[in-house]
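Peer 1: In this text, residue positions in the first sequence follow this note's numbering: the first is 37, and each later residue adds one.
Treat the hints loosely; a few may be bogus.
[Stated by the list, open to error] BS3-like mimics (lysine-lysine), calculated; alpha carbons at most 25 Å apart, straight line: (1) K456 to K383; (2) K132 to K153; (3) K417 to K469; (4) K456 to K469; (5) K286 to K137; (6) K153 to K39; (7) K325 to K209; (8) K383 to K469; (9) K209 to K286; (10) K286 to K187; (11) K417 to K456; (12) K397 to K132; (13) K98 to K132; (14) K325 to K397; (15) K137 to K107.
It should be emphasised that the hints constitute simulated quantities derived from the structure, not laboratory data.
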Amino acid sequence: MIKAIRGMRDILPPETSRWQWVESVAREVFDLYGYQEIRLPLLERTELFARSIGEETDIVAKEMYTFPDRKGDSLTLRPEATASVLRAVLENRLEKGAGVKKFYTLGPMFRYERPQKGRFRQFWQINCEAYGVEAPELDVEVILLLMHILKRLLPGELRLLVNSLGCPACQMKFRAALGLFLINREGLCEDCQRRRTTNPLRVLDCKSANCQGILHNAPVIRDYLCPDCAAHFARVLELLNRFNVAYELKPRLVRGLDYYTRTAFEVAAVGLGAQDAVAGGGRYNGLAKALGGPDLPAIGFAIGEDRLLELLPQDFGQDLRPRIFVAALGEPARERAFTLVQELRRKDLAAEMDFEGRSLKAQMSMADRLGAAYAVIVGDKELEAGAAQVRPMRNFASPASAAANQEAVEGERPPVAQEKVRFEALVDYLTGKVRSEENL
RNA sequence: GUGGGCGUAGCUCAGUUGGCAGAGCACCGGGUUGUGGCCCCGGCGGUCGCGGGUUCAAGUCCCGUCGUUCACCCCA
Numbered sequence: 037m038i039k040a041i042r043g044m045r046d047i048l049p050p051e052t053s054r055w056q057w058v059e060s061v062a063r064e065v066f067d068l069y070g071y072q073e074i075r076l077p078l079l080e081r082t083e084l085f086a087r088s089i090g091e092e093t094d095i096v097a098k099e100m101y102t103f104p105d106r107k108g109d110s111l112t113l114r115p116e117a118t119a120s121v122l123r124a125v126l127e128n129r130l131e132k133g134a135g136v137k138k139f140y141t142l143g144p145m146f147r148y149e150r151p152q153k154g155r156f157r158q159f160w161q162i163n164c165e166a167y168g169v170e171a172p173e174l175d176v177e178v179i180l181l182l183m184h185i186l187k188r189l190l191p192g193e194l195r196l197l198v199n200s201l202g203c204p205a206c207q208m209k210f211r212a213a214l215g216l217f218l219i220n221r222e223g224l225c226e227d228c229q230r231r232r233t234t235n236p237l238r239v240l241d242c243k244s245a246n247c248q249g250i251l252h253n254a255p256v257i258r259d260y261l262c263p264d265c266a267a268h269f270a271r272v273l274e275l276l277n278r279f280n281v282a283y284e285l286k287p288r289l290v291r292g293l294d295y296y297t298r299t300a301f302e303v304a305a306v307g308l309g310a311q312d313a314v315a316g317g318g319r320y321n322g323l324a325k326a327l328g329g330p331d332l333p334a335i336g337f338a339i340g341e342d343r344l345l346e347l348l349p350q351d352f353g354q355d356l357r358p359r360i361f362v363a364a365l366g367e368p369a370r371e372r373a374f375t376l377v378q379e380l381r382r383k384d385l386a387a388e389m390d391f392e393g394r395s396l397k398a399q400m401s402m403a404d405r406l407g408a409a410y411a412v413i414v415g416d417k418e419l420e421a422g423a424a425q426v427r428p429m430r431n432f433a434s435p436a437s438a439a440a441n442q443e444a445v446e447g448e449r450p451p452v453a454q455e456k457v458r459f460e461a462l463v464d465y466l467t468g469k470v471r472s473e474e475n476l
């Protein structure tokens, strides 16, 4: 048997309905904040990611699905969406004009990593990007939007972590100071000794307790922010306070992509294991220019949809149960039932029936298992009488009442209010019943 | 890329010192010549991940390999 390749999984029903639910909520909130959807190719020129994410990052250096196409051009399955969105915006001149330009997109990303809890080689992101405005109000609006989506979906506690990474000038000063600090430190773990040269910022959020101890007196980026960056960050925090958004200042928060500037944030959740970041984002004012475009302020975030789904309660999702199950006995009745099912569906009522000529008992059992609200029974007797039996199916909701019922009637079938309804009136009768119940 | 755990029925898992491959759930049928939840009876269902080796005999021991899972690393 051929199986799915490593790190790639099938998302199956009923799980898919939970995904649809999440996506519909996200779309609603995006609408509310004035964001418009943009749909993008999954493949881009390798150069796009190398230049935007950073040659030295792990993502580019060892985690991309990169291969030559038939012509020999180097292509890459997108490892993230930001670079693609910006490319599309610049290519189509969407940044032109006054005001903030707001976009969202969602879909699969690809990274060649070792799979583990909450980490897949194909994973899904819900992505938000806003361009053209430098004001800290936009930073806050984007964070509010993110928290809005998450709070509508998740009952559990979320931690919003916030930091400022400054502008390139601040970063240069800070890197120099950090490098100086690290160069004389003894006792850093093996990884950090490597990071010291490859990616010094990463040393800051090493998980080793030992390293954290050593880093206790390390320089903090906040002390290296230029007056503009400091003012921007102060304003962001002030507004978060004003809107009662709980956050934690995390001076050591750095992000894995080189393009971030100023505001950086992350949302962590409990219950996800080691991969506890549900969403992350920040400002990336320099990226458009780095890609050969204009000077374009930008900010955005990505939600890890797979991880988000992991946190959702099991009963989240749409009700996919059919309203009506039509049980038929004998060939003429099946013929009638098939017509009835189509008529119900034309009235937008979910209806099902059996095509295999199974016993009435088996069909009733199917109706129950599918969760139908009503079973319609059609047999020779009903055809002759010109009226079908309509049986409400949800009388025995709880196992307790089922047991009580069983004892009460002692061997006899529990009394169910089963009605005879003439075929001509059946569709209207059923639509009426179901609609009135749904409005309760 | 590194380290540990685990691969047996559709699912969750048992399987003793190597000796006839099991249970629960699910599914199908019957208990009711035409009525769902519970209960009772019966049935279907297996390349024991794959390849090699040791042995009279391997799900069990050995080697390899693939997958999976958790952690490191990294990130959503």
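Peer 1: Indicate, hint by hint, whether the structure satisfies it.
Peer 2: How the hints compare with the structure:
1. K456 to K383: Measuring from Cα to Cα gives roughly 21 Å; hence the hint holds.
2. K132 to K153: With Cα atoms ~42 Å apart, K132 and K153 exceed 25 Å; violated.
3. K417 to K469: 24 Å, holds
4. K456 to K469: Cα-Cα ~14 Å, so holds.
5. K286 to K137: 29 Å, violated
6. K153 to K39: 20 Å, holds
7. K325 to K209: 21 Å, holds
8. K383 to K469: 13 Å, holds
9. K209 to K286: 19 Å, holds
10. K286 to K187: 21 Å, holds
11. K417 to K456: Cα-Cα ~11 Å, so holds.
12. K397 to K132: 66 Å, violated
13. K98 to K132: 36 Å, violated
14. K325 to K397: Roughly 70 Å separates the two Cα atoms, so the pair is violated.
15. K137 to K107: 36 Å, violated
Comparing the model with each numbered hint stated earlier shows that hints 2, 5, 12, 13, 14, 15 do not hold.
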